Amino acid sequence: MNNTTAGSDKAAMRRTDARTRDRIVAFSYIAGIVAAAVVLAALNPSGPLGFLQAVSDGLRLGLIIAITGMGLSLVFATSGIFNFAHGEFATLGALVAWWLNTALGIPLVLTIVVAIGIGGAAGYGSEHAIWRPLRRRGVSVTSALVVGIGLALAARSVFLFIVGGNSKSYAEYTVQSAISIGGIDLLPKQIVSELLCVAVLAGLGLFLKLTSLGQAIRAVSDDPILASASGIAVNRALSTVWIIGGAMAALGGALLGLFEQVSWEMGNQLLLLIIAGVTLGGLGTVAGAVIGSILVGIVTQVSVLFLPAELKYMTALALLILILLIKPQGILGRKQRVG
Amino acid sequence: MDFASIISDSLRAAISPTAAAYALGAIGLNLQFGYAGLINLGIAGSMAAGAYGLAMVVLSGGPFWAGLLVGLVCAGVFSLLVALPTVRLRADYLAMTTIATAEILRLVLRSSWARPVTGGVNGLQRFADSFYALNPFGVTSYAIGPVIIPGRTLWLMLVAWILVVIVAIGLWAIVKSPWGRTVIAIREDEDLARALGKNTFNVKVQVMVLGGMCTALAGSVLVTDQQNVNPDSFGTALTFVVYAIVIMGGAGRIVSPIVGAVLFWLLLALSDGILRSLADLSALSGGWFGQDQVGAVRYVLVGVSLILVIVFRPQGFFAGRLPHLRKKVTAS
Amino acid sequence: MKKNTAIATAFVASVALLLSGCAVSTTGPSNDSLSSLKIGWLLPQTGPISSLGAPQIAALKLAAEDIAAGGGPKISYTGGDEAGDTAAAGQAVDRMLAAHVSAIIGAGSSSITLSVIDKITGSGTLECSGMNTTPALTGYPDKGLYFRTVPSDVLQGGVLADKIKADGGKSVAIISRSDSYATGLADATVTSLEHAGVNVATRVDYDPSATNLDAEVRKVVSSKPDSIILFSFDEGATILQSLIQAGYGPDKVKLYGTDALPIASLAKTVDPSNPAILKGMTFTQASSGEGTAFTKRLLQKDPGLSTTAFSPYFYDCAVLIALGAEKAKSTDSSAIAGELVGLTNGDKKCTDYAQCKKLIDAGDSVQYVGAAGPLKFDKEGEPTTGLYDILVMNADGTTSTAATVRRTIEK
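Protein chains in written order, with the working numbering: chain P, 544 to 882; chain V, 253 to 584; chain H, 273 to 683.
Worth flagging that the hints you see were computed from the coordinates, not collected in a lab. If you're wondering where the values come from, they're calculated on a predicted model, not measured in any experiment. Warning: the hint list may mix true and false statements.
What the hints assert, rightly or not - Simulated crosslink set (DSS-like; lysine-lysine; CA at most 30 Å straight-line):
{"#": "1", "chain 1": "P", "residue 1": "K732", "chain 2": "H", "residue 2": "K496"}
{"#": "2", "chain 1": "P", "residue 1": "K870", "chain 2": "V", "residue 2": "K428"}
{"#": "3", "chain 1": "P", "residue 1": "K732", "chain 2": "H", "residue 2": "K601"}
{"#": "4", "chain 1": "H", "residue 1": "K346", "chain 2": "P", "residue 2": "K732"}
{"#": "5", "chain 1": "H", "residue 1": "K526", "chain 2": "P", "residue 2": "K732"}
With the sequences and hints as input, model every part of the structure.
Right, here's the structure in full:
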């Protein structure tokens, strides 16, 4: 009896040691990146102010990528599915917000709220109609991948069919005067967008940590078999994840429409950046998705200071490969994903 | 609705050099993904490497066959560079990184920095003349059953499908060899294979390179058909279509990707023809369904059929044994 | 294994069938009676420039009517969607070539044309486009079978550069989409600007699939230009929003754009609450013949068209081909192609099919001056002269034509 307790104590200590080691490694990566950033800031042709401006722009983009991609990461964490159609939730959100705003004249803020609701409903609907039956059949990871691709193609084409190929604009908040804070230009809508993103992410974090449903989700993502054996309503947890994911992605898409044109393929264009962001941050982790996405957003914007603009996505993708070379699970990825 | 021409157009698409090219690409992907279980989402990159290798060599004065060889080498080198850091990654990360590498290649190929060599956004043209100079059929058209094919296309078709047969036979022999059995063993249980002393890393890299070289031929056929190399035609959409073909044909068998390619293009052209006729008909009755929506609806059909195939016949239309991939989707 | 052998046998059998000459050879278009003419068209019904597809199809239909009314052959069209995708366009071309068309009118996009031109001309078929403006097609080895009724962007670049210089521009920034259309035009403009002694302060080429262009805009404004040129499609609206928000709106600098921008709806898209947002912005476009008889007729026939851009050029392609067939008394592509250069450089001017046909039948040498004005093909089949509108944006979001400039390539 004594041996087992001592043994399990040792195991617990080893686990904590491993966890701390992981955290140290992760934070040293972040520190390294910050150091590189400081060097770049000093050396770049537009001066430190230009650098900070690029970082600020990148932060805005990165936060939007984070909330859009969060659903992708959560779904992956809890059910092992990498949903290639996730970007379409963003397009849905943007198109809904745009249509209600321009065709019915409803204020944009309200239409964005509606868009969030519709995104959540779409997430729930796709889970029930498509992904749950697939899971029941025990379909393989790659088949699920292909289903996602097929779904994305179908959804995109439906959007194209309905709204046409031209890109569109909201009726409000299109052009604003920038506020200058410390030499950096910030648009009011940018500040609102960033604060909103941070609030949503913080809310998500609290939800996962404090509520029982949130804890159920974390349990499922840690070990689904154990979770269901402990009586956790796995199905409910999964449905919630899809609702949250769809809603957040719809919000992300709608926010994106404030800064770019709304079009039938905007989600698909964002998808590559989302993939880069959540992967290099660590597939399946919430914090990793946030850090990775922000990093991708900033790197993309900063690279324009040094390299031709047409290669700016290349830098983000190269960063992805570089980080995975050094740490194959991504910055905050756990060494072993269960399931 | 002119069924005769719809059917003949569909048959033409099914045996076209494009179908042969996609068959070659699917064979290569099938080796990487069906046999070795490597989710390579960047085959568009190795196809581009093969295509650009061919075009660049011919445009700098080399003979066509040398271009094909260099294309093979380029794709092999590209796949090697991609494989070295990625094959030891877990499946999902491998998938994401391969997408990234293919996109990086595409962005570099189309950049103004690379324009002197790759033609940048305009791409490269006029490299297929020496190939078509060998054409014995001339410019007249030939009728094969109900299908009418111009002579130049017929020539490429012949060469391309012969290539498909050669590659398929070659790969079949390789798969039956001890090396091939190691590949399958790695897919079934990599830890066991490693425990038995196999260098799984090396084998996986070899699979990537070999598969990549097959896709180089695919890329070369595609661009010889169009007589144009354009970076934007080697995007993720291309990779996904080849995956659709491998899935529909059924992974894990040499013949399945070929059948998948033929079936896919047949169905795509069929739906295109039917939709176009519907659009014409609707134009007569008020235009509820316009020509410009044909393209959208066609892709909806492609997406939906893909999902249906996965749901109702996950082993594909023509699979041999069921590909037992290790990781299954979790929960409930 | 049985399935495998069955398939292998089937395949070998089919190949054998092929090789045994079971094929029946049918030659190309050999219908010598000029009562009908088969023409294919390859246009953007879907894809990034799909809004430019419908006007051309309407123009081609109108041409067929005019030709028939003028005593010409009945034109039967075989249409295909270029779909902004080289593979789809290639398949559509295959279909048309199999239908033995005498000519293919298209494509809309320069990069699509680059991807099908060898296939079309290699099979001995004529191609004519009213929208390909890339300088990359000048001097392209096309066996004398490729023509365009719209001039190369070398001309438009010159018009734009002259306007900038005339407006007093000294330091120009360029932001250009990185694709075959925009890059060629940007290059031509840069060359003309340098010729005119105007300094190009910076040039930023951006990825067309980029979702966000703020960094690019910042790069442009960091060079503190007094004039900014946009070579963009729809995303130009976002670029303009960023420029205005960065303090570089039309009130501070001189802004220029081209016909690839959705000019008619641009002000509304940039800021729906302020129609004067782009007041003063200048655009150049290949003259779409706004207000001329042709576009009026086209809109009468098809009032639902959102734009008539490029339609006169495609109309002229169709009429020229029919005239070529009439002059050569044949529907053979090469025969028709051989006549086209002469038909635009002859002695007697004629402005429509009926008039030209009469003169041709009387044995005269004609110069077709059609909906797009005089073409004067050089020996490559390219117009040596072009008409360009210079538009200026008003306070209500509409544009007025400030000038129409004819530019001719110096020999």
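Fill in: Hints the structure fails to honour
2, 3, 4
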